[in-house]
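Asks: The residues making up each chain are set out below.
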Amino acid sequence: MAYLSTTDFTQDKDFIDKWLYTIRTGEMDLSWMKSATEKISPEEANPRRGLTYRDLNVGTYGYTDIPEKVRNNRSYAPRGAEIPEGVPDAQPWVSRKSELWAFNTESYYEEAVSRQWNATTDIPWDRLDGVELPEVTGKALSQLMTFLTEVEMIATDTPAMWLPRLNPDFIEVRAFIAAQAMDEARHAEVFRKRALTTGWGLMQASPINEMALKHLRDADSFSEMSVALHLVAEGNVLTLFRFSEYLSPTDVDKKIFRLVMQDEARHVGYGMQHFKYVLEHFPEKREVLHAHLDEAENISFAGAAATELTEAFIILAGGGLKKENIEQGIKVTTQFNLKQMQEHFERLDKCGMPERRERSKLYKMYEMGRAAAENAGIKLN
Amino acid sequence: MAISFPSTEYFEALKAQMAANEEKFRRLGFIDTTFGVSVGVNGKARNFVLEFEVFDLKNVSEVPSIDLKKVDFQIEGDTRVWREMIENIRRNGEADSSHDINTLAHFGEQLKIVYDDPDGHDKLYRFMESIQEFFDLSSKLEVSFN
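Quick note, the sequences are listed as chains L and Z, same order.
Going by the working numbering, the letters in the first sequence line up with residues 1 to 381, in that order.
Going by the working numbering, the letters in the second sequence line up with residues 382 to 527, in that order.
FYI, nobody ran anything at the bench for these hints, they're computed from the structure.
Keep in mind it's a predicted model, so treat the numbers as computed, not measured.
Don't be surprised by glycine CBs; every beta carbon is placed ideally from N, CA and C.
There could be a bad hint or two in this list.
So the derived list for chain L, only partly shown, Cβ under 7 Å to chain Z, looks like this [stated by the list, open to error]:
| # | residue |
| --- | --- |
| 1 | Tyr61 |
| 2 | Glu111 |
| 3 | Ser114 |
| 4 | Arg192 |
| 5 | Asn209 |
| 6 | Arg242 |
| 7 | Lys254 |
| 8 | Arg258 |
| 9 | Arg266 |
| 10 | Gly269 |
| 11 | Glu327 |
| 12 | Lys331 |
| 13 | Arg347 |
Simulated coverage check for chain Z against chain L, where a stretch passes if three residues somewhere in it have a Cβ under 8 Å from a Cβ of chain L [unchecked claim]:
| # | stretch |
| --- | --- |
| 14 | 415-427 |
| 15 | 447-458 |
| 16 | 506-513 |
Derived DSSO-like pairs: lysine-lysine, alpha-carbon spacing no greater than 30 Å straight-line [stated by the list, open to error]:
| # | chain 1 | residue 1 | chain 2 | residue 2 |
| --- | --- | --- | --- | --- |
| 17 | L | Lys350 | Z | Lys450 |
| 18 | Z | Lys450 | L | Lys339 |
| 19 | Z | Lys405 | L | Lys193 |
| 20 | L | Lys331 | L | Lys364 |
Work the whole structure out from these sequences, hints included.
Replies: Below is the structure:
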């Protein structure tokens with residue numbers, strides 16, 4: 001037990017006497033009814049959408065006026081409530097707004113809630129009845145699903161472990177992060193289900209990718225976690241989901257990837273808007289984030305060495321193991337890898353870090369890879 | 382009566398179908414994006430801007446050209462590709478695995494996604510299933526191609 005109450009109430013005579021007195025007399029205190037809090041009348045801006053967090057952005061309950069450094073609430077008191085003496089210090093790690101806020105945070109949460117789906121009932125699993133993929137394709141698909149299940153379990157843990165560390169005044173961010181953990185848990189579920197319905201069971205775990213993913217868990221600050229998870233990792237995974245949808249051998253797989261990409265793109269959106277926010281409001285963080293990106297990009301690049309994944313992609317993209325299949329698979333997989341890198345730098349540019357291309361070793365790898373692809377006659381967009 | 386593609390009437394008919402299938406789109410969730418559709422016809426383009434809000438297509442307009450700073454992204458392609466996609470949807474009731482938007486656009490060989498802001502670009506994927514289901518409503522229309 002890490003936390004013990006400062007009082008043993010079952011042995012506290014004053015407390016027990018007061019409890020029995022209330023039962024006996026019905027006398028009530030009611031001082032809480034005099035809480036010095038603001039009275040407001042929130043309204044739905046759009047009745048079709050319903051009452052949103054944005055509609056509650058009013059007065060002391062709103063998020064616009066949250067100070068950069070939250071000093072007056074270190075408890076679980078909801079923002080805007082009266083905080084009496086005696087609430088414990090919940091010891092949040094993150095009480096600085098620019099460390100976690102994103103432009104439009106509240107709408108990302110509302111979108112997440114509205115666009116939830118169900119891996120059990122929204123996927124037409126019955127359409128897999130009678131579908132038998134060739135052994136090579138089936139095993140490659142199962143390897144991809146095995147890898148993605150692994151990815152999504154770490155992607156569930158990472159936002160979830162930050163939740164209790166965030167100051168409760170940032171309720172909208174906390175809600176978004178909780179929704180993200182749910183999204184990732186559903187992704188792990190749907191990929192596990194698809195792996196096991198290939199008929200080949202699970203394939204092999206990926207040491208290189210697990211090493212890369214562990215980096216996400218061990219960030220020193222929320223912003224560093226966000227840049228590594230939301231921007232780098234999920235940016236890459238979003239491109240990977242689009243690529244996987246493109247390669248999917250059945251319309252069931254297409255549906256799975258269309259649904260997971262929606263969630264992933266939302267997480268990337270939050271990551272971009274947080275990255276912009278932190279660069280604008282906490283400029284001292286820029287160098288720290290560059291340093292974290294150095295590491296995140298190195299690890300992201302190392303993912304290409306995970307042969308168990310790359311080879312599965314090559315097989316799925318080329319349609320088999322014959323020479324011509326492999327040539328086609330390598331061509332398409334190279335296009336995908338370069339697209340991942342290109343989109344990563346496009347996002348950083350737009351977030352306000354255009355100098356990243358100069359500093360980044362990954363960008364040099366991108367240019368090298370692009371030149372090699374062009375020399376090999378691989379067309380890039 | 383057949384509705385001509387490309388035309389504002391075609392997108393208005395999809396809008397009406399979207400409203401008629403409200404339960405399906407409510408289940409898919411909020412769709413808040415404005416994007417362009419550009420259809421190449423004989424070397425020229427006909428351009429449309431579609432504004433989605435909450436669960437609805439709120440507005441459709443045909444414009445001389447699409448300002449990428451005013452839309453999240455633009456889907457562009459030759460009328461041949463659009464026609465093949467719509468006819469495929471009409472045959473199957475929905476796009477088959479070779480004719481969905483992401484597959485046609487993935488490497489920019491059939492349809493192409495163009496954008497100014499990558500955050501806007503990502504909205505295509507944030508609302509992918511709604512956008513796909515929207516175009517799949519073509520299965521309920523009689524469409525003619527000039």
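Asks: With chain Z as the partner, please determine if L:Lys254 meets the hint condition of a C-beta pair closer than 7 Å.
Replies: Since chain Z brings a Cβ to about 5 Å from L:Lys254, closer than 7 Å, the hint holds.
Asks: Answer holds if the nearest beta-carbon of chain Z is closer than 7 Å to that of L:Lys331; otherwise answer violated.
Replies: Since chain Z brings no Cβ nearer than about 10 Å to L:Lys331, farther than 7 Å, the hint is violated.
Asks: May I ask you to test the interface hint for L:Arg192 with respect to chain Z, counting a Cβ-Cβ separation under 7 Å as satisfied?
Replies: Cβ of L:Arg192 sits 21 Å from chain Z, so the hint is violated.
Asks: Given a cut of 7 Å on the nearest C-beta pair, is the interface hint for L:Gly269 held or broken against chain Z?
Replies: Cβ of L:Gly269 sits 6 Å from chain Z, so the hint holds.
Asks: Answer holds if the nearest beta-carbon of chain Z is closer than 7 Å to that of L:Arg266; otherwise answer violated.
Replies: holds (5 Å)
Asks: Please check whether the stretch 447-458 of chain Z has three or more residues whose CB lies within less than 8 Å of a CB on chain L.
Replies: violated (count 0)
Asks: Would you mind confirming whether the straight-line C-alpha gap from L:Lys331 to L:Lys364 stays at or under 30 Å?
Replies: Between L:Lys331 and L:Lys364 the Cα gap is close to 20 Å, so the pair holds against 30 Å.
Asks: Holds or violated: the hint that L:Arg242 contacts chain Z, with Cβ atoms closer than 7 Å.
Replies: Since chain Z brings a Cβ to about 6 Å from L:Arg242, closer than 7 Å, the hint holds.
Asks: Can you verify the interface hint for L:Asn209: is its Cβ closer than 7 Å to any Cβ in chain Z?
Replies: violated (22 Å)
Asks: Quickly compare the C-alpha distance for Z:Lys405 and L:Lys193 to 30 Å and report which way the hint goes.
Replies: holds (24 Å)
Asks: For the pair supplied as a hint, Z:Lys450 and L:Lys339, is the alpha-carbon distance within the 30 Å limit?
Replies: holds (22 Å)
Asks: Hint validation: L:Tyr61 versus chain Z, beta carbon distance must be below 7 Å. Holds or violated?
Replies: violated (23 Å)
This entry does not satisfy hints 1, 4, 5, 11, 12, 14 and 15, going by the numbered hints stated previously.
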